[in-house]
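Given the sequences, and given the hints that come with them, work out the whole structure.
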Amino acid sequence: MILRRKGPKEDFYDLFTQAGNNLLEGTKLLAQTVSAPEPDRAEHRNALHDVEHRNDEITHTVARMLDQTFVTPMDRDDISLLASTLDDCLDLIDEVADIIVLYKIAEIPSRVTQQVEILQQCAELTAEAMPKLKTLKNLKSFTVEINRLENEGDKAYRKMLAELFETESDPIAVIKLKDIIESLEAAIDRFETLANTVETVYLKES
Amino acid sequence: MILRRKGPKEDFYDLFTQAGNNLLEGTKLLAQTVSAPEPDRAEHRNALHDVEHRNDEITHTVARMLDQTFVTPMDRDDISLLASTLDDCLDLIDEVADIIVLYKIAEIPSRVTQQVEILQQCAELTAEAMPKLKTLKNLKSFTVEINRLENEGDKAYRKMLAELFETESDPIAVIKLKDIIESLEAAIDRFETLANTVETVYLKES
Amino acid sequence: MILRRKGPKEDFYDLFTQAGNNLLEGTKLLAQTVSAPEPDRAEHRNALHDVEHRNDEITHTVARMLDQTFVTPMDRDDISLLASTLDDCLDLIDEVADIIVLYKIAEIPSRVTQQVEILQQCAELTAEAMPKLKTLKNLKSFTVEINRLENEGDKAYRKMLAELFETESDPIAVIKLKDIIESLEAAIDRFETLANTVETVYLKES
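Chains A, B and C supply the protein sequences, listed in that same order. Quick note: the first sequence, position 197, residue 197 per the numbering used here, numbers continuous. Quick note: the second sequence, position 161, residue 161 per the numbering used here, numbers continuous. Quick note: the third sequence, position 18, residue 18 per the numbering used here, numbers continuous.
By construction, these hints were calculated from the structure, which means they are not laboratory data. A hint or two may mislead.
You can't tell identical chains apart in this list, so a pair holds if it fits in one copy or across any two.
What the hints assert, rightly or not - Under the rule of at most 25 angstroms between Cα atoms (straight-line distance), these lysine-lysine pairs were calculated in the BS3-like manner: (1) K28 to K178; (2) K132 to K28; (3) K104 to K159; (4) K178 to K140; (5) K155 to K176; (6) K28 to K104; (7) K204 to K140; (8) K132 to K204.
This is how it looks when you write it as structure tokens:
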């Protein structure tokens, strides 16, 4: 107990671990939103909203703790950037779910599912990586793996965009689907930002 | 006189207060642009441009002063972030007016007016809050209020986006209106960034 | 030789100079992509991709060097911001080429060429400015010139957007061309961010 109360070290890492788990839960709920029949999507999206709100609390806690802590376990700016980037990732995932519900698309094309799967893999890697920040052990592969997934997602995104214009003649459908695949791409991209932030910490602290 | 020359403290706060007032004037001019008949919109937009240019000067002055000042009244990065975020808010408001003029939309839907009113309330709160940075008194409510408005704006935005696709069958009109409500949403969002920056200052300095 | 090995000073500046040259080469390849007949565009885009990947290496090298260097020739944050902004500029130029190839537009309107020419001028100024970072001599005009070009680009962008909606009745074509001119505008805008970063360095160090 006394040990655990020794400085906020544990606490920062715990919060990052929680944020990583929220990302994992969030992407699962996004996958459910996408695969659900149109009328049931809102329900899964609402569950995702709850996770997103829970994560906002964590981000605020990190900010508050940061202002009340003199000696931080890692660079102040990196802690702040790590928390806000984790938060951004979940916000963007939440936005995708929102658009999908708002646009009431009867059936969502399969390639969207590809992008969602990539997002889930990114979240799984993140949930595994966050607890490793304390020791910085086996973290290097995280950045490599996320960058690999981001490239994969990028290819899927470009293919889908080209295919969209080749196959879809209804402009309204094009506008809607373009928004969805772009918002998915934006979410995947943010994981690359996260990976770069983690790499910065890794290079600085190790 | 001697007192006033004591460090740039006053000056930084004065500049933030001026930026807050520019935001207020800018949102008023945006409201006039939106409510004006199509042929008269450009005139109000031009007036908004002038305010935006005046504010650029302020942002540059803050940057120059920051580089010439050794002891700053608050964290250097926060001063810089505060100035640039105030600048971003006005730039985004200016962008909305530009799009509205460029797109020559005969009549602008009422819900857009809702978003504009929210922007005006955000600007009013900001104009009131900036002079309080010096004493940090009664600033806490600013962040709370802006966040409340941002949530309101978010709801209005989502409602409108859904409604747009349900009611508007002309794809060109969809593209134009989607751009307008998205740019309004982006402007409202930036006020949340501003509120978070103010909160950071509040937590650090108070 | 001994002199050149004195600290990493030279190295940081060399890397910025290389990034500036990559930007110049990248914009030339973008111009070739735009002017090429549709079937040949991918080839020029691929060459641009290679330049972009080469530049990623530079950005990573700067980050690594920064973490391994105790005394940096200029403010750490400015070095990092300069490297990432140079990287962003090339990424955005690369994105434009990608969209142009993906959208398979038979013929690209002339005003797009105007924006591309502005981008090339921005890149030429940047390639000239980067080697001047070491002495900070004749750098002031860089920011002024880039801001002038950015305003020019902004006017071209607005004119084109208005013209697009006045002349193009096919919504799909509107979506595609709007994306292209917006991505070009985004790339030009990023050069302004670069210019502001350079100005910060100039004001701080000179």
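A quick look at each hint next to the structure:
| no. | hint | in the structure |
| --- | --- | --- |
| 1 | K28 to K178 | within (22 angstroms within a copy, 29 angstroms between copies) |
| 2 | K132 to K28 | within (22 angstroms within a copy, 44 angstroms between copies) |
| 3 | K104 to K159 | both (23 angstroms within a copy, 13 angstroms between copies) |
| 4 | K178 to K140 | neither (34 angstroms within a copy, 40 angstroms between copies) |
| 5 | K155 to K176 | both (20 angstroms within a copy, 19 angstroms between copies) |
| 6 | K28 to K104 | within (20 angstroms within a copy, 35 angstroms between copies) |
| 7 | K204 to K140 | within (12 angstroms within a copy, 33 angstroms between copies) |
| 8 | K132 to K204 | within (15 angstroms within a copy, 29 angstroms between copies) |
The structure fails to meet hint 4 from the earlier list, while all remaining hints are met.
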